[in-house]
Amino acid sequence: MPPALDEIVEELRDADRQERIELLIDMAKKLPPLPDRLAHFKDEAHRVPECQSPVFLVVEPEGNRVRLFADAPIEAPTVRGFVALLVEGLDGATAGEILGVPGDLIERTGMPEILGMLRVRGLHGVLSRLKIMVARAANASDAEARR
Amino acid sequence: MPATYAHPEVLVSADWVQEHLNDPKVRIVETDEDALLYSQGHVPGAVEIGWHLHLQDQLRRDYIDVPRFEALCSAAGIANDTTVVFYGDNSNWWACYALWAFKLFGHRDCRIMNGGYALWASQGRPMSKEVPSYPPTDYKVERADEAAIRAFRDDVLAHAKAGRPMIDVRSPDEYTGKKLHMEGYPQEGSLRGGHIPGARSVPWKRAINDDGTFKSPDQLRALYEGEIGLKPEDNVVAYCRIGERSSHTWFVLKYLLGFPKVRNYDGSWTEWGNLVRVPIATGEEPQRSDVIPDGGLQIPFANSGSWTISDRNLQPGICLRESVNSVSRSGSRSRSGLTIRHCIDREDAPCRLRWMKSSRS
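Just so you know, the sequences run in chain order S and U. First residue of the first sequence: 1, per our numbering; consecutive thereafter. First residue of the second sequence: 1001, per our numbering; consecutive thereafter.
Just chain U, with the same shape it has in the complex (with noise of 0.2 angstroms):
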């Protein structure tokens, strides 16, 4: 049998979508990093929420409040019970967002149309430029849960330092510190490149096919889990610029691979990278995770700094220059580097090993 997603139901199709155009119960949600495509043509009977101009505060950086959300949600026509469907451009970048921001006010069924505005318009299925009007509804925001799947940068600090999991979901030159804004994207930019000290890099693309589905069960895994190194039960914070991209993470380690615990730093760098004393990694480096090839694993010293190795299965952290041979059973020093030939873990198992240039002063 093959794999399936961790939460099937929160993926739904662009067949299952047209098949519940005129269901009361369901409602179709557009949210698009373009501001015109909505106007152009959009699934019938679809709402637009726009991320910027109806989900955040004009004036504060932070979401709307309670009761403006309730209010939206009556103004779309959306009832505490109603199926919210969303889709949107750019690989459903936006309308994970607006997911991650009606789970934010605890809305129950928040869903996604796999493969977003740009599959849907590519089947030739059917588009309107009517805005339609839905009877408001009594919306009562029941329970908010924000801090189960929202990090602050307090939380990312303390993330951090524990070592814990985060997955940087930028370009690789913002990653690396090359470039201070996302191609396109000037406004949005940051006094310091880089990224946080263990983040580790998975542009948020690599989740999704060319045509904009989410990639199956098993290469999720693969990716996250087997290259990555992350495990269902960690605690992971998974940021990019402002947020949405990395929304898009959060969604795929939430729900379709179901990591019950990851959040979303919505300040992310235009945060992080102006923020006051806090640590920053540049480079590409900091952590590869590899299994060990044949002929050994090269590590290369730098000129200053350590090197860590860790792996969730050793005790974390081991200084590489003090306590190399409890990692490593036959290693090799020299002056440039060190080649690792086999890694086990404490019972003894051959183990992936993960290691990174301790860059942080």
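This is chain S alone, in the form it adopts within the complex (with noise of 0.2 angstroms):
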């Protein structure tokens, strides 16, 4: 796991059930708005479907790196903090890195204590969308570079 995702998901997993809330709540809310020049991205393409609440994803290739942006509602603070800790902890690293994250991530995190065991799965949604976006781009990006 890139390093920045390895210390959220430490803090995460040391915390207690309160301090674990409070950090979520924290981290929805400095969840960065999508850029005004992405805000189109807001479409059917971009969402995860697997979310009841509006969650989108935007990833753009950058060099060897991949940037990453999202938006969630601030009245749905678990997807959103969920997002916004795959932001802080993925921006800027490789695809192969975001590929190489481990499936249970969110149980790694201890979310599961708080959410109960039935509403977890929706949070692998996001996570599995992220990795089809990033395979995409990247081998859009390796199609560009081989032309």
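Keep in mind the hints are simulated off the structure, nothing from the lab. Please note: incorrect hints may appear among the correct ones.
[What the hints assert, rightly or not] Heads up, incomplete: computed chain U residues facing chain S, CB under 7 angstroms, no partners named:
id: 1; residue: Asp1034
id: 2; residue: Leu1036
id: 3; residue: Leu1037
id: 4; residue: Gln1040
id: 5; residue: Pro1044
id: 6; residue: His1054
Quick reminder that beta carbons are idealized off the backbone N, C-alpha and C, glycines included.
If you follow the hints, you should be able to join the two separate chains into one complex; please do so.
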């Protein structure tokens, strides 16, 4: 895992229940807004279909790194907090690093303890959607480079 | 005079709540889908009751028992005569679920704040992050009446066999069987898709406006009594996937429309869709309700199965192939289907026709 993500996961894991809630709410609050130039990407192609709330992810290859942007509603702090965690931990990582994020990331943060088993899987949709988008973007830029 | 809800007192406005924030006889309770929302800010003085964490038994699939409910109320400063006002996110999904759970234990005065969390927040009303604490009470469950509002699978099986009305409040894709789980909730899947035969599809959200408030009494009546053909005296079962969305519809039918006999089947599709050998129907069509339009109502025949027409004023379950003339004075049949041009009931009055394909084996 990229060190930035590792650090957040560790912080969450070591926190108690209440601190964990505070940390996530804090992260949700700090999610940077989608830059104006990307505002038009709030469309179906960038929406995470597994989420009930409107959650949008935008990835932009920049050299061998990936820039990551996201939008999620304020009144859905759980998914917004998780999206913010991904942005904070993975913005600027390589495609390989993002694709290598472990599938049990959510369990590692201790979030299931807050959310309950039933609801935690929704967040997995965000992570898998991100990986799909990054893989696609990486393939596209490889094809571009070969041309 | 505009029509009112059957029990208007169960629905309070945000204004009412704001006026009663410091009323010791009133306890505001937030119950959310999003586990972090309460901590991010809530109606000042509101306590959080989690649908999963507080109301459900963590081991068995059931609700907490009486002593634990009493302890929960006591800790929240709720006494037997406290007015409990529920609100939450997702247009009061979970607020209605919590209200239903409180009614399982017979709590007398339960209400919903119309519009829920979203409306309160959007109107810029006061928010607090402070978690309040109230002096404990000596809450005692007086008369729990679970059977009146909760249906179990055997009840539902008997209900379906008797042809009594059921409302499936899930999304159309879940109802038809296209999806085995709700969008975003893959953990709540089932082995079979579809719905309980005879259930009508009325997604729960049809009862609310865009701002999360409930639709007007006239609109709700037009939907459930007009379009769906329910009658207030009907014995109705509502279900969804785990019983939360159907609590919302249960609340609408029970309190806003005043149907005395409505039960929530909390086992819902996660139970039914996994049960061995219970009847299941798939597809969009199982039932439609239509007044006969000009030019007649077209009912296509499928290659197999028979069609059943029923109306509350007709004898139930008349098989079309045998007794078409008893429901339709003028209908025509072709190989591909049947057109009904006119429908009258036993008193010779034009009637609404309910028809369904019998897809049960």
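Verification of the hints:
Residue-level restraint check for Asp1034/U holds (minimum Cβ-Cβ distance to chain S is 5 angstroms; threshold 7 angstroms). Contact between Leu1036/U and chain S, as hinted, is supported at the beta carbon level, the nearest pair being about 4 angstroms apart and thus within 7 angstroms. Checking Leu1037/U against chain S by beta carbon gives a least distance of about 6 angstroms; that is within 7 angstroms, so the hint holds. The closest approach between the C-beta of Gln1040/U and any C-beta of chain S is roughly 5 angstroms, which is under the 7 angstroms cut-off, so the hint is satisfied.
About 18 angstroms separates the beta-carbon of Pro1044/U from the nearest beta-carbon of chain S, more than 7 angstroms, and the hint is not met. For His1054/U, the interface hint is violated, the least distance from its beta-carbon to any beta-carbon of chain S being 11 angstroms, above 7 angstroms.
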